[in-house]
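**Q** This is what each chain is made of:
Protein chains: 2
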Amino acid sequence: MSTAAFEYYRANQQQFLEGLKRLLKIPSISTLPEYRSDVHRAADFIADELRTMGMRLVEVIEGGPDRHPLVYAEWLGAKHKPTLLLYGHYDVQPPDPLEDWTSPPFEPAVRNDNIYARGAVDDKGQTYLLMKAVEGFLRTEGGLPVNLKFLIEGEEEMGGQHIQEYVPKHRDRLKADAAVICDTEMFAPGLPTITTGLRGLVYTELEARGPAHDLHSGVYGGVAPNPLQALAEIISGMKGRDGKIRIPGFYKRVEKPSKKELEAWRHLPFNEKKYLKTEIGSTALTGEKGYSVLERTWARPTFEVHGIRGGFTGEGAKTVIPAVATAKISMRLVPRMDPKEVVRQYTAYVKKLTPRGIQTKVRVLSSAPASVVSTDNRYVKAAAEALSDVFRKKTVYMRSGGSIPIVGILTDHLKIPVVMMGFGLPDDNLHAPNEKFHLPNFYRGIEAVGRYFEILGQE
Amino acid sequence: MSTAAFEYYRANQQQFLEGLKRLLKIPSISTLPEYRSDVHRAADFIADELRTMGMRLVEVIEGGPDRHPLVYAEWLGAKHKPTLLLYGHYDVQPPDPLEDWTSPPFEPAVRNDNIYARGAVDDKGQTYLLMKAVEGFLRTEGGLPVNLKFLIEGEEEMGGQHIQEYVPKHRDRLKADAAVICDTEMFAPGLPTITTGLRGLVYTELEARGPAHDLHSGVYGGVAPNPLQALAEIISGMKGRDGKIRIPGFYKRVEKPSKKELEAWRHLPFNEKKYLKTEIGSTALTGEKGYSVLERTWARPTFEVHGIRGGFTGEGAKTVIPAVATAKISMRLVPRMDPKEVVRQYTAYVKKLTPRGIQTKVRVLSSAPASVVSTDNRYVKAAAEALSDVFRKKTVYMRSGGSIPIVGILTDHLKIPVVMMGFGLPDDNLHAPNEKFHLPNFYRGIEAVGRYFEILGQE
Numbered sequence: 066m067s068t069a070a071f072e073y074y075r076a077n078q079q080q081f082l083e084g085l086k087r088l089l090k091i092p093s094i095s096t097l098p099e100y101r102s103d104v105h106r107a108a109d110f111i112a113d114e115l116r117t118m119g120m121r122l123v124e125v126i127e128g129g130p131d132r133h134p135l136v137y138a139e140w141l142g143a144k145h146k147p148t149l150l151l152y153g154h155y156d157v158q159p160p161d162p163l164e165d166w167t168s169p170p171f172e173p174a175v176r177n178d179n180i181y182a183r184g185a186v187d188d189k190g191q192t193y194l195l196m197k198a199v200e201g202f203l204r205t206e207g208g209l210p211v212n213l214k215f216l217i218e219g220e221e222e223m224g225g226q227h228i229q230e231y232v233p234k235h236r237d238r239l240k241a242d243a244a245v246i247c248d249t250e251m252f253a254p255g256l257p258t259i260t261t262g263l264r265g266l267v268y269t270e271l272e273a274r275g276p277a278h279d280l281h282s283g284v285y286g287g288v289a290p291n292p293l294q295a296l297a298e299i300i301s302g303m304k305g306r307d308g309k310i311r312i313p314g315f316y317k318r319v320e321k322p323s324k325k326e327l328e329a330w331r332h333l334p335f336n337e338k339k340y341l342k343t344e345i346g347s348t349a350l351t352g353e354k355g356y357s358v359l360e361r362t363w364a365r366p367t368f369e370v371h372g373i374r375g376g377f378t379g380e381g382a383k384t385v386i387p388a389v390a391t392a393k394i395s396m397r398l399v400p401r402m403d404p405k406e407v408v409r410q411y412t413a414y415v416k417k418l419t420p421r422g423i424q425t426k427v428r429v430l431s432s433a434p435a436s437v438v439s440t441d442n443r444y445v446k447a448a449a450e451a452l453s454d455v456f457r458k459k460t461v462y463m464r465s466g467g468s469i470p471i472v473g474i475l476t477d478h479l480k481i482p483v484v485m486m487g488f489g490l491p492d493d494n495l496h497a498p499n500e501k502f503h504l505p506n507f508y509r510g511i512e513a514v515g516r517y518f519e520i521l522g523q524e
Numbered sequence: 066m067s068t069a070a071f072e073y074y075r076a077n078q079q080q081f082l083e084g085l086k087r088l089l090k091i092p093s094i095s096t097l098p099e100y101r102s103d104v105h106r107a108a109d110f111i112a113d114e115l116r117t118m119g120m121r122l123v124e125v126i127e128g129g130p131d132r133h134p135l136v137y138a139e140w141l142g143a144k145h146k147p148t149l150l151l152y153g154h155y156d157v158q159p160p161d162p163l164e165d166w167t168s169p170p171f172e173p174a175v176r177n178d179n180i181y182a183r184g185a186v187d188d189k190g191q192t193y194l195l196m197k198a199v200e201g202f203l204r205t206e207g208g209l210p211v212n213l214k215f216l217i218e219g220e221e222e223m224g225g226q227h228i229q230e231y232v233p234k235h236r237d238r239l240k241a242d243a244a245v246i247c248d249t250e251m252f253a254p255g256l257p258t259i260t261t262g263l264r265g266l267v268y269t270e271l272e273a274r275g276p277a278h279d280l281h282s283g284v285y286g287g288v289a290p291n292p293l294q295a296l297a298e299i300i301s302g303m304k305g306r307d308g309k310i311r312i313p314g315f316y317k318r319v320e321k322p323s324k325k326e327l328e329a330w331r332h333l334p335f336n337e338k339k340y341l342k343t344e345i346g347s348t349a350l351t352g353e354k355g356y357s358v359l360e361r362t363w364a365r366p367t368f369e370v371h372g373i374r375g376g377f378t379g380e381g382a383k384t385v386i387p388a389v390a391t392a393k394i395s396m397r398l399v400p401r402m403d404p405k406e407v408v409r410q411y412t413a414y415v416k417k418l419t420p421r422g423i424q425t426k427v428r429v430l431s432s433a434p435a436s437v438v439s440t441d442n443r444y445v446k447a448a449a450e451a452l453s454d455v456f457r458k459k460t461v462y463m464r465s466g467g468s469i470p471i472v473g474i475l476t477d478h479l480k481i482p483v484v485m486m487g488f489g490l491p492d493d494n495l496h497a498p499n500e501k502f503h504l505p506n507f508y509r510g511i512e513a514v515g516r517y518f519e520i521l522g523q524e
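From first to last, the protein sequence lines are chains A and B. Convert by adding 65 to the 1-based position in the first sequence; the result is the number in the numbering used here. Convert by adding 65 to the 1-based position in the second sequence; the result is the number in the numbering used here.
Hints are computed from structural coordinates only; laboratory data are not their basis. Do not rely on the hints blindly, as some may be mistaken.
It does not matter which identical chain is meant; a pair holds if it fits inside one copy or across any two.
What the hints assert, rightly or not - Okay, derived cross-link-like pairs now, DSS-like style, lysine-lysine, Cα gap no bigger than 30 Å in a straight line: (1) Lys-417 x Lys-309; (2) Lys-480 x Lys-339; (3) Lys-146 x Lys-480; (4) Lys-338 x Lys-458; (5) Lys-426 x Lys-342; (6) Lys-446 x Lys-416; (7) Lys-416 x Lys-338; (8) Lys-144 x Lys-417.
Because the structure is a prediction, the values reported are computed rather than measured.
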């Protein structure tokens, strides 16, 4: 390994941690309009760091009143060497329920070698480690073994509209040999991992309207259509107790993983009992019969309710039949499923299940197809090698049940392989209270990315 | 009619309105702990008025830290005349959703002969009219044609725990020949009405627990039990699309109204089309086949969901599988159904419908049986006469789908007839935004109650 950069990485761990804390303190919740200026502040923070470390052409790209900025930067001084496009996101999920956090979500706290904060691992910590890996070379050697372009977004947690519009219009600027996404996790602690597949997502709001205004359930109970009852009927009609989704045609295009992939998954160190106990914590797992846990979470589509708004949910008793109720519902998609088709199928089935007296409306908040990446190219192989060098273990390939819409966008528009190197752990509480990032993974992640640049530069 | 009291009623309408406005300005929301001191303020307001008008022994009865006060007062100077126990409540429902109010819920506003405020008709306006009817006699004649006891509570909207404990322990103090409850409505504008039956109520919270903490629906969707899905399954399993409640044994004890009562209901001026349009405002009515609208709302039990708490319901997209979700669910009961038995049947069926991986818990927030009142006694007959005298129309008898638990308590413990004279209108938006009280009914209500005293005093 290049001694100078790697010495820098090790000597500056404390400073990296302090910098990350500053970034984590900014409540850049992209989905909540009241945090708009904080989201912008996070973009400026990223841009300032990129400028200070010596990246060129650093730009905060505004997208208008409905968009959060993209941050773009480049360093193209490595002649005849490959060019990588590095992706991350600086926005975060809402932190609620707040009362379940041990320390406040935007006051980063270190406990037991972990840093706890909203965005710690998803994705501020992982975006920041890409930046610090680059900084090591620029500070110690004044240059990099490869050419780099950063494209960092602030809308990943709300659908990524801006980057979806930007990429197709700026193919020349974004031209690269491969993209690196640092927004995934390792299969197990200490096990270097590359993610080769992601599920897609259709996220919707399903609104049900009954009476023209809220009604007293004593006076009108028995004749007034109740939108909450309607949502319960529609939701339970959409997915059976056997975990099968009942939307006609929904499974039609589902592509099964290859035999080779399924075989590799069977060799991953997975203990279902321990998983149930430590990761889920319920009395039993659910889902479709005949599929393993990894298949159900990586290679099967889902239907999930995230919340139901409407009526009275405060303390005590209010006997209301609400005029309107809205459910947040998402579906995860697997390869070959077409988000547009799924929306059509779902909307048609909602109509079919809508009871008399109720009017329903579906709003699509975001949608993205699933993606799978071939492991058979030099950029993935070099990443596997870099990870193995740093973690001193053979790199494994996994899929993820989550969705990173940018993978499909980069694949479609730039026609380049996407390398998903991630350093999160399964118990990092993504999107949940007490989100954390394991600090040894933060530091090793920096080294692994640095090593990756080095390997690609030497080839 | 006694000229002096009735002249006083007519000369003081503006002052009565101003007094009512002062009472309506107090946000005495009994169910929300943060309004505790406002609830007490409303009790003090009532007690002060009762004292000022000349009632004796006026008392604000504290019930300890978990109770809101009762207000008691008496005037027993009419020798050999009957004694009436007058009931009302000074607490109100929460006002949300706030954004749907044309004028703020605790800033009473008069528009088109209506006063708009939370509690306008339920039940501050109707409690206040009882007080003003009494005031008319005390101010002009220094006495009343009958003996009176007031018992006014502040927990009607949260289950009425205090009065339920108080009545059985104070039978001597509350001894009376009949009780008058002014907390119901008229069947139609201008049609004097006595309510002869009320549905009972079991109000519960149904909690469903799945994972130990909130989970990312991408990473865990497909295997993690979702409490919101579980609630949808349980709720839709409890009541069919045909409106039939599926809880085993639920209808077992349901008592049908008598043929005579059903026949009388058929002669009430009811237009289903107009009712659907002006009162419900949905595309269709729902409920059980084979029963008229009046039967479905007055004489059939119900199952209604009032709200579902848990997960994410803010703006935008959050992909969470919540650890816990809670539904507010109530059932209205009809005569002969036993609330305790209903709770047992419901709880057992919840357990039966609870899916794998989910743990459910039922909390009962309040419960009361239904009640029916015989029309065959002098106190009801005198009320019908008084109403007819003032409204110049034949008084009709109806039931109500709502619940006034105190009716059962007074019947059971004091063994006296309960007379429900009410002056609300079907479109008064009880428990909903823009609650109102029609001012001509407020003023005529005062006269009708005064006339009632007079008739009973003359007999």
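**Q** Each of the hints needs a verdict: does it hold here or not?
**A** Hint check:
1. Lys-417 x Lys-309: both (18 Å within a copy, 20 Å between copies)
2. Lys-480 x Lys-339: neither (40 Å within a copy, 62 Å between copies)
3. Lys-146 x Lys-480: within (19 Å within a copy, 96 Å between copies)
4. Lys-338 x Lys-458: within (25 Å within a copy, 74 Å between copies)
5. Lys-426 x Lys-342: Cα proximity of Lys-426 and Lys-342: across copies only (21 Å, versus 39 Å in one copy).
6. Lys-446 x Lys-416: Classified as neither; 48 Å inside a copy, 52 Å across copies.
7. Lys-416 x Lys-338: Close across copies (25 Å), not inside one copy (40 Å); limit 30 Å.
8. Lys-144 x Lys-417: Close neither inside one copy (60 Å) nor across copies (69 Å); limit 30 Å.
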